[in-house]
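Trainee: Listed below, chain by chain, are the residues.
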Amino acid sequence: MKMKKLVAMVMALTAMGSVATFSACGDTQTIEIAGSTSVQPLMGVLADAYMAKHDDVQIKVEGGGSSIGVSNAKEGKGDFGMASKAVSETGVTAVKVCDDGIIVIVNKQSALTDVTGVQLFDLYVSGTALGAVTMPVTRESGSGTRDAFEGLVKGADGTKLETVSNRAPTQEFSSTGTAMTYVEQNANALGYISLGSYDQKKVKKLTFEGVEATAENVKNGSYKLARPFNILYNTEKSLSDAAQGFLDFILSKEGQAIVAEEGYITL
Amino acid sequence: MVKSENKSEKAAKIVFITAACFSIVAVFAIVLFIFASAFPALQEIGTFKFLFGSKWFPKQDEYGLLPMIVATLLVTVSALLIGGAFGIFTAIFVVYFCPKKLKGFFNQIIVLLAGIPSIIYGFFGMIVLSPALKSLFNAESGNGLLASALILGLMILPTVTSLTKNALESVPRSYSEGSLALGASREQTIFRIDLPAAKTGVLSALTLGAGRAIGETMAVLVVCGNSAAFPDGLFSPIRPLTVNIVNEMGYAMGLHRQALFATGLVLLVFIFLLNGFLAFIKREKKEKDEANRTLVGGGAGEYIYKVRGMGSKILSVVSCLIAAVVVLVLGILIGYILVNGLPEISLDFLFGKPTYKTPTLLGAFVSTGWIILLSLLIAIPLGVGAAIFLVEYTKPGSKLVKVIRVFIDTLSGIPSIVFGLFGMIAFCAGGKSLFAGALTLSLMILPTVIRSVEESLLAVQNSVREGSLALGATKVRTIFKVVLPSALSGVVTAIILSVGRIVSESAALIFTAGSLPMVPSSPLDSGSTFAVLMYNFTAENPNMEAAYATATVLLMLVFLVNLAAYFCEKKWKKNK
Amino acid sequence: MKTIEQFKFENKIAVEIREMDLFYGNFQALKKINMTIPENRITAMIGPSGCGKSTLLKSLNRMNDLVEGCRVEGVIQIGGQNIYDKAMNLSMLRKNVGMVFQRPNPFAMSVYDNIVYGPRTFGIKKKADLDEIVERSLKGAAMWEELKDRLNKSALGLSGGQQQRLCIARALAVEPQILLMDEPTSALDPISTGKIEELCTELKKDVTIVMVTHNMQQATRISDKTAFFLLGEMVEMGDTHKIFSMPENKKTEDYITGRFG
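Quick mapping for you: the protein sequence lines, in order, are chains A, B and C.
In terms of my numbering, the first sequence opens at residue 1 and continues consecutively.
In terms of my numbering, the second sequence opens at residue 1 and continues consecutively.
In terms of my numbering, the third sequence opens at residue 1 and continues consecutively.
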């Protein structure tokens, strides 16, 4: 008798599960996108907008970092990769989606307003304090934002940050979001994140060498810390209809309007 | 025993043996797969350089694990000191000083503490503990060694408490009565007689606690500070081995990825060493040949007897205080989350369609449901089969049983992140899926299922079995028609405990089932459970409102599971 | 730290029990017990199972306090002090009123540590003192020759009889004035039983012994006074030889002649 009850419960659960499943099922086409966590928020908004208009398409946007985006595209894994830096790999086609600034952020309580490349270099390499700021925040080793940042920040003698391996201790985070949260919670922290992810309720952005970090200044080239957002795919593999449709959408006026709305720099 | 072995009997026996040996296969498979993935890294980097190198800089192909090994060891030892001490004292309180009316309450507190998902502990550390430490000590950051040790200590406390409690309750009354009759106070008796008598049990409790601490990922993830550097103070950021894996696996490739598997291998080795230590403690101690003692003599002859025991009295008060602190901390944890989370819960958040900008829990309901169902479908038959073999088909003390048990215990000690790594290699060839997550979790819950069912099978009187066999029924028929139905409570307990474990699990699912808040279209699709979404909202894409709300829902699920377990236990007790 | 005094016995009376009732919850286990236990004698308590003798014994050192719902009314005076008075110090009571249990319960320690456990509890620390106590106690329990070369060996390695005598030695280590023995030989073989009975006869010179026994022959062998209990009441008490030859109460006579068990 008790056995029968158990079996009945199991069948009910299975039925419930199936119903839930089939309600989401249908002729769904899936687009799988993975890569840069800086591009991820923008891609999510674009995906939301596209899925709202196309009921039969499911778009999966995962993080993992620009390196994953590049390697996935190279191996033909998934539909698209995302990278928050310039990409030139054989076998990979890179389509620029927009430009993005890298902003230097500090805690809202900080007195800092401006920072130079040399100051950043010294802070990240030797831990040289910048006023009350003593803790540099960085991104994980596969991060496109980190690659871009360390390629643009140079020391007094012109050495690029990315070539220096002996570093002072830093706090390392594997996404824009977590890096921003840390700076939000620590008065002595300084970090760098995507301009489009900037939330002025949480952190304060600094000017870089006197130039304010805005979309216009990135577009006109006066703000130097900038990099492209690229969508990547394998050159040999042909895109599925759904994927092609989504890519067209991103590059269209509608897509670019969303890009601008989110705080990125349109093509 | 009536031996009527015809073909179907033999077949059944083979099925049961296979189920029982599955644990052996599983352990071997896990070790093999991890080792195979790790070996290339060890070869290329050099095992010595890997283990003792002091720089972890994947960007420049530097893979030195030492800072992380040191971090894991330091955090584990400190967590053990804190959680162990608090756990033992709480157990002392519950066994000896707790008023009868509150005993049930405290037992439920321990069960609740044990059931809270580790990601929630991490969350608690992030929102309450770290900020508190920061302001209390005027530190630059509340994260780091101290915060990790405190949270881990809190996490292993229920394990230490319940095992110590069992050990203390097993000390025969005649023992403590002997001490009391000599004039020792209750407190003196506890610390000089009961506790030493329960030494083996307490040591086992601490060892198991250490195992949990070493393998814990989610609880320390957000409070450790995440810097691959040597700890040099209570608040310096560190990175335990587990955190190293989970943080970088998302984007690691090539040698880096293999190095992470090697990190998992190191974890496994630590756990196996601990298991070996545990077995060493538990083995029968031979009487040591003590050299004889010669008496000095020349005593006073007349003695003054004084009432002593201040020390023990103080320790007893400490026990009560500690128990109160534990309840208080639990209250703060639950209170904070509920107060901040309940307002965030809306029907829309629970069941609305999730978008990337506004995630909802609908996907979590579906994903969790599927994973529970599939994991149970796999683990329950396997576990019941194994338990049947261990109880019905073997003689007590048989070598095969001992070997199988060792492997079952080993399986239950493996850290969840290592299960995740295994699941990644073994089940995710086609990408992440709920099914892969379920396969991974079924391995994790298997030991619990076996243990529960075994216990209830053992409770069935032999006379019942003999009665059936004497009537001419075959062994298999006896098992299924007579024994198993009586042991149903064990199966139900196994199901409830497993559901609790599945609901709380995150580290093993992130890389097997996925972490996106979307609604999965089928079990072959990827999806996140509630706990994994918590991880997403706290560590991957910080979203405090969603985190609080998800934490609240998770807590409610844990309450529900505990309630179910409580009522089932009451029901079975009534029937006895 | 309070010093523990001894009880002062007057008129050669160790224990006086007046109008004592004992309840386990709603069940009354002892009814209106009136009894006097003489100093330096062996008093035996006999009676069928469940009649309350062990319960009464455990009341004398308040080990009954450990039982849930146990309530005592009436007066038990030792050395003129009511031991159920709130001001009674339990450590003092139990140091002066020792107990040997039905089943030997040595601690999982060496012989030496078992014996010095009591003294250590009461603050005696010097090795010379402890050593002297060990020798004295073992001699008092007639175990010195047997165990003097095995002081560091675990007590659990001894035979049942040896363990019980060790427990007696352990109890003697704190110099009790009264020794309560709850069927001390019921779990032992005849030879060990004989040794312990011999021991008691020696001990009574220094210690008042109250013994519960199921074995009437044992009572006749060694006790000076015997009290017969039935269904929670003390039926009769008197000199042992008188109780067993000319009992005043018919129920006593029925019991000792074996009409009921």
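Please keep in mind that the hints were generated in silico from the structure rather than gathered at the bench.
Glycine included, every Cβ here is placed at the ideal spot set by N, Cα and C.
It is possible that part of the hints are untrue.
Which residues of chain C face chain B? A partial, calculated answer using Cβ under 10 Å [stated by the list, open to error]: (1) Phe7; (2) Met216; (3) Val235; (4) Met237.
Here are a few chain B residues that face chain C, going by a calculated C-beta distance under 7 Å [to be verified]: (5) Asn292; (6) Gly298; (7) Tyr305; (8) Lys306; (9) Thr448.
Trainee: Indicate, hint by hint, whether the structure satisfies it.
Mentor: Comparing the hints with the structure gives:
1. Phe7: violated (13 Å)
2. Met216: violated (26 Å)
3. Val235: violated (28 Å)
4. Met237: violated (25 Å)
5. Asn292: Holds. Min distance 5 Å.
6. Gly298: Constraint on B:Gly298 satisfied, holds at 5 Å.
7. Tyr305: It holds, given that the least Cβ distance between B:Tyr305 and chain C is near 4 Å, below 7 Å.
8. Lys306: holds (4 Å)
9. Thr448: violated (33 Å)
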